[in-house]
Amino acid sequence: MTSSALRPVRFTVNGSQVALDVEPRRLLADVLRDDLGLKGTHLGCEHGVCGACTVLMDGLAVRSCLVLIAQIDGHEVATVEALRDGDQLHGLQEAFKRAHALQCGFCTSGFLMTALALQDSEAVPCEAEIREYLSGNICRCTGYANIVDAVIDWLSSLASVSGGN
Amino acid sequence: MKPPLFDYVRPRTLDEAIQALVAGGDDAKVLAGGQSLVPMLNLRLAAPTALVDVCSLDLGAACADGSSVKVPATTTYAELLERSELLRLMPLVGDCLPLIGHVAIRNRGTVGGSIAHADPLAELCTAAVTLGARVMCHSSRGERVVDAEALLEGPYMTTLDFDEIITAVAWPAHPAWGTAYEELAMRAGDFAIVGVAAALHEMTDGTVADIRLGISGMGGVPSRLREAEALLQGQPLTSHQVERAAEIAAAAGQPHSDIHASAQYRRSLAAELTRRALVHAHNRKRSQ
Numbered sequence: 192m193t194s195s196a197l198r199p200v201r202f203t204v205n206g207s208q209v210a211l212d213v214e215p216r217r218l219l220a221d222v223l224r225d226d227l228g229l230k231g232t233h234l235g236c237e238h239g240v241c242g243a244c245t246v247l248m249d250g251l252a253v254r255s256c257l258v259l260i261a262q263i264d265g266h267e268v269a270t271v272e273a274l275r276d277g278d279q280l281h282g283l284q285e286a287f288k289r290a291h292a293l294q295c296g297f298c299t300s301g302f303l304m305t306a307l308a309l310q311d312s313e314a315v316p317c318e319a320e321i322r323e324y325l326s327g328n329i330c331r332c333t334g335y336a337n338i339v340d341a342v343i344d345w346l347s348s349l350a351s352v353s354g355g356n
Numbered sequence: 003m004k005p006p007l008f009d010y011v012r013p014r015t016l017d018e019a020i021q022a023l024v025a026g027g028d029d030a031k032v033l034a035g036g037q038s039l040v041p042m043l044n045l046r047l048a049a050p051t052a053l054v055d056v057c058s059l060d061l062g063a064a065c066a067d068g069s070s071v072k073v074p075a076t077t078t079y080a081e082l083l084e085r086s087e088l089l090r091l092m093p094l095v096g097d098c099l100p101l102i103g104h105v106a107i108r109n110r111g112t113v114g115g116s117i118a119h120a121d122p123l124a125e126l127c128t129a130a131v132t133l134g135a136r137v138m139c140h141s142s143r144g145e146r147v148v149d150a151e152a153l154l155e156g157p158y159m160t161t162l163d164f165d166e167i168i169t170a171v172a173w174p175a176h177p178a179w180g181t182a183y184e185e186l187a188m189r190a191g192d193f194a195i196v197g198v199a200a201a202l203h204e205m206t207d208g209t210v211a212d213i214r215l216g217i218s219g220m221g222g223v224p225s226r227l228r229e230a231e232a233l234l235q236g237q238p239l240t241s242h243q244v245e246r247a248a249e250i251a252a253a254a255g256q257p258h259s260d261i262h263a264s265a266q267y268r269r270s271l272a273a274e275l276t277r278r279a280l281v282h283a284h285n286r287k288r289s290q
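Protein sequence lines, in the order shown, are assigned to chains P and U.
This note's numbering applies: residue 192 is where the first sequence begins, and numbers increase by one.
This note's numbering applies: residue 3 is where the second sequence begins, and numbers increase by one.
This is chain P alone, in the form it adopts within the complex (with noise of 0.2 Å):
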């Protein structure tokens, strides 16, 4: 009774329509790094916890690993690999860079897409605060100390160019 019939689906991947004819149980992290390329979104667990996965749908942080494909219909999705403006890295990227705030990197690209969001915060958020948000990333390396650095270094930074230096 269950089919294998393919179904297509019309979303949006970093700004570029995107078509597909796909099986509506394919994973969104898989459709992203297998269909179209897009290798940055990680899967650690495939079960929603490690949060190496997590991509933008609809500008919200979400675990990739827990998006069927057939529910992105009609929506828009961005991944880490739209962060960098050609040769630019993203100011986030920066900060990680200057704050030695990775190392294999397989957690990065979630921790990117999930600090994102922080740039919308009303006040800038203290570090309690951010280690919280961050709470659902998990990081086998670092030790996440200079990853919540580096959050704070990027977030203050926003601030200063918008307190009108």
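These are computed hints drawn from the structure, not numbers from a lab.
Misleading hints may appear alongside valid ones.
[As the list claims (entries may be wrong)] The following label-pair restraints were derived from C-beta to C-beta distances:
hint : chain 1 : residue 1 : chain 2 : residue 2 : range
1    : U       : Met3      : P       : Lys230    : 15 to 25 Å
2    : U       : Leu7      : P       : Val352    : 44 to 54 Å
3    : U       : Arg246    : P       : Cys332    : 48 to 58 Å
4    : U       : Gln290    : P       : Asp311    : 49 to 59 Å
5    : P       : Val352    : U       : Asp149    : 48 to 58 Å
[Claimed, not checked] Stretches of chain U that chain P covers, calculated by requiring three or more beta carbons in the stretch to come under 8 Å of a beta carbon on chain P:
hint : segment
6    : 8-21
7    : 42-56
8    : 92-105
Source: prediction; values computed, not measured.
Ideal placement from N, C-alpha and C gives every residue a C-beta, glycine not left out.
Starting from the structure of chain P, add chain U where the hints point.
Same frame as chain P, now just chain U:
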């Protein structure tokens, strides 16, 4: 791992969704945010033959409705967290929402999904039982409204019929109450080992006029601590009273032992979290 095969349906109306469930029989499942169901699919712990995706259904917007706050089932935790004017009317719900998972989970997980999934440790289920939330359900036989406590039958088990969809949850408004949700989890965002929800209303002389106490982790479903509530009702909340309530909480239910905690530890957690929840709820009432 990857999900097994299923038929996928995205109905545009509630009637279409119900028809899809009827057509799918016992093995069709409602899919909302997928934060509980998709992990089960990925781990092959569930293999529904059909998924009925309710995300496109227009079930209205959350709103205050007389003495209650009506929240459509497809409302995500994140969407509800943004409705501060509604959370002011139901502060216990506002207390437990930030404890649910992490940001990415809250951006997708839904209020209806939490109740339908009936995880025995779910914060929203515990708050629903504690407050006496009412759950609106639709099927081909029409609509029924059922108390959350009656709906949550056991771990991951509800009294929902196979073709029944939760469409809304109505939370009793309690804006003047002091509330607190205390839980212990191994890591931030994990499911609690034990969770205690407290909501109380006090007279100006300090007498507890009304109180709700709920606990998770001491049995297969979150439950009201009615014996403790009766004890505290009509008296000032003294430390002696708090201690007696904590003892009742510790003796409640039949907690089990597992790798996270022994039954004995769960009992001592129940006591300590009850103490904290009562004191915090009392302090918040005082500071109003």
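Evaluation of the provided hints:
no.	hint	in the structure
1	U:Met3 x P:Lys230: 15 to 25 Å	holds (20 Å)
2	U:Leu7 x P:Val352: 44 to 54 Å	holds (51 Å)
3	U:Arg246 x P:Cys332: 48 to 58 Å	holds (49 Å)
4	U:Gln290 x P:Asp311: 49 to 59 Å	violated (30 Å)
5	P:Val352 x U:Asp149: 48 to 58 Å	holds (53 Å)
6	8-21	holds (count 4)
7	42-56	holds (count 7)
8	92-105	holds (count 3)
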